[in-house]
Structures are given as structure tokens and as C-alpha cells.
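J.: Sequence:
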Amino acid sequence: MLLVLKTLFESELLSIRHAIARPASTRCSELRHASADVFLLPIAGLFAKHDSPRQHFIANPNHALFFGCGQAYRLSFPGGIGDESLLFEFSPEALSKLVTETLGLPDLRSAALNRHCLLAPATLLERELLWRHLTLAHSKPLAIEELSVSVLTKALQTASKDSRLAERARHVQSVTRRRQQVEVVKEAISLRPMQEWTLTELARLAETSPYHLARIFRTEVGLPVHRYLIRTRLGQALETMRTQDQDLTTIALDCGFAHHSHFSASFRSVFGMTPSRLRTRMRV
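Residues in the sequence shown are numbered from 1 upward in steps of one, following the numbering used here.
The hints are simulated quantities; they were obtained by calculation from the structure and are not laboratory data. For every residue, glycine included, the Cβ atom is placed at its ideal position computed from N, Cα and C. Treat the hints loosely; a few may be bogus.
Straight-line Cα separation of at most 27 Å, DSS-like style, residue types lysine-lysine; simulated pairs [stated by the list, open to error]:
| hint | residue 1 | residue 2 |
| --- | --- | --- |
| 1 | LYS140 | LYS97 |
| 2 | LYS140 | LYS154 |
| 3 | LYS140 | LYS186 |
| 4 | LYS140 | LYS6 |
Label pairs and their computed distance ranges (CB to CB) [claimed, not checked]:
| hint | residue 1 | residue 2 | range |
| --- | --- | --- | --- |
| 5 | GLY272 | VAL184 | 30 to 38 Å |
| 6 | LEU2 | ARG283 | 57 to 65 Å |
| 7 | ALA120 | LYS6 | 25 to 33 Å |
| 8 | ARG283 | GLU84 | 46 to 54 Å |
| 9 | VAL184 | ALA36 | 29 to 37 Å |
| 10 | ARG22 | GLU207 | 41 to 49 Å |
| 11 | GLY70 | GLY272 | 48 to 56 Å |
| 12 | GLY68 | LEU253 | 38 to 46 Å |
| 13 | SER35 | ARG179 | 37 to 45 Å |
| 14 | LEU136 | ARG204 | 21 to 29 Å |
| 15 | ASN60 | GLU30 | 18 to 26 Å |
Please take these sequences and the hints and turn them into a complete structure.
T.: Structural data, given as C-alpha cells:
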């Protein structure tokens, strides 16, 4: 089997690799053991994961799979098509907290967790959005981390054999504490909107896990963290446009946007017009 691996993203929180497998035959591979806890999202083709001689699972782009560290498995490729997948490796500490806070389980090897699941349509769309961010020339670490955490969380909840575990885990922390943590993050973003924040950095400020921050922030604010950051940058841009006569490219860079086109696209998606159009209207 020819296996090509390319690292698409790497941070303190996680690494994401793009794997392309091209089989030499349709026979089962040799026995392998997962060297780390891996979350796998097929994005093209198909393969079969064999957990035992009489038990296998067909995986295509509608599924998610979990490989616990040390888990034995074999792979085969029906039809000889091969597959493409995204491989996620979270830091051990972050993954442990995520699994515990989501399901109350110790790790991915728990018997209460299925090794695979069929993803909900909304989760598939999030995966496609994540793929787009991963392939952008100027990708945003915060958006990639947040989408990765969201997709993994939803996959874990779907794969849980006892849905009550996920429900109980959601009510562990008090509302007051959640709001305090969210306000700490809002303050940091408001003070330094031009900074290229990561979810790990913001979670450290709030004294919580990246997973927990992503979930409670969206619940309390109504926006993912990375979109709140963009809205804050746009608010700063509006103020600058109102009070100064700088060119739009300078404003874009000063507010933390990678370039003018990114600023213009973000501005239009929120306000329904480009910044140049607004400036023209402001001068009338």
C-alpha cells in the first residue's frame, strides 16, 4: 500500500494530517497497532477497518472513526479504490479533558464508546468548512482549532453508547462560572483583536480546556470564538473608518486581517456591503 501523509496544521492543541492511501491489492493488511489516539475523518474513497477476523467496518466520507492508542487493527480496501482521510491527533491532556467533559469517559478506548459512527449532516458540513480553512493560503488557527473541536465533540456524542452520559456531562459546571470564563475571553479579544489568537491561548486565560471554551462560548455568546474575533475586528474597522481617513488596506492590516480581500469579504458577509461601498455612502 502506498501511503502519502501531509501535515496541514499543527499547534499546541492538535495536529491534522491529510492521508492518501492507494492499495496494491484488496487483501487485508498486516496487523497494526495505533501509536497514538487518532480521530479519523474519511473525505474520499472507502476502506474497511478490521478489529477482529470476523468483525469489520466499512468507512466512507459519511463516517468518523476512533483509534485508541495501542489498539490492534487491519485495513483493507474493497474495490481497490483507496481513500483519503483527515487524521487528527490532539494533545493527550486536551483529548483526555474533552472525552471526560463530553461523555464522562476516561479515554477513546472505553467500552462505552463505539469505534466509529455515522456523522449527522450538520457535522459533515462543518467538516467541509474545516477542509476549506485547512486549504486556504492564509488559514486562521483559531477557526481550525474551533472547528476541529466541534466536529470531534459531535462525533463523540454520536458514538456514545449511552446518550445520557453526554447529557450529564453538560451540567457539571455552574452557569456563573461559565459566564465568568466567557467574559475573560471577550475581554482579551476586545483588548487585542489584532492578535492571532489560538483556542489554547484563550482557554489558558479562562482557566479551562479548549474544548470546554469552544462549547460554552458558543452557548453564551451565540457565535463561535473565531467569528466573535472577526466581528470585534470589524467593529474596530468601523470606528477607524468613521474617525480617520486611512486607506482600506491599512485599516485591514491594523485590525488583524491578513489582507484587504479577507477584510472586504468578512465585512460584506456581516454588513451586506463592501467597506468601500460603505465609505462612499458615508461621504455622501
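J.: Going back to the hint list, which numbers does this structure go against?
T.: Of the numbered hints given earlier, the structure breaks none, since each of them holds.
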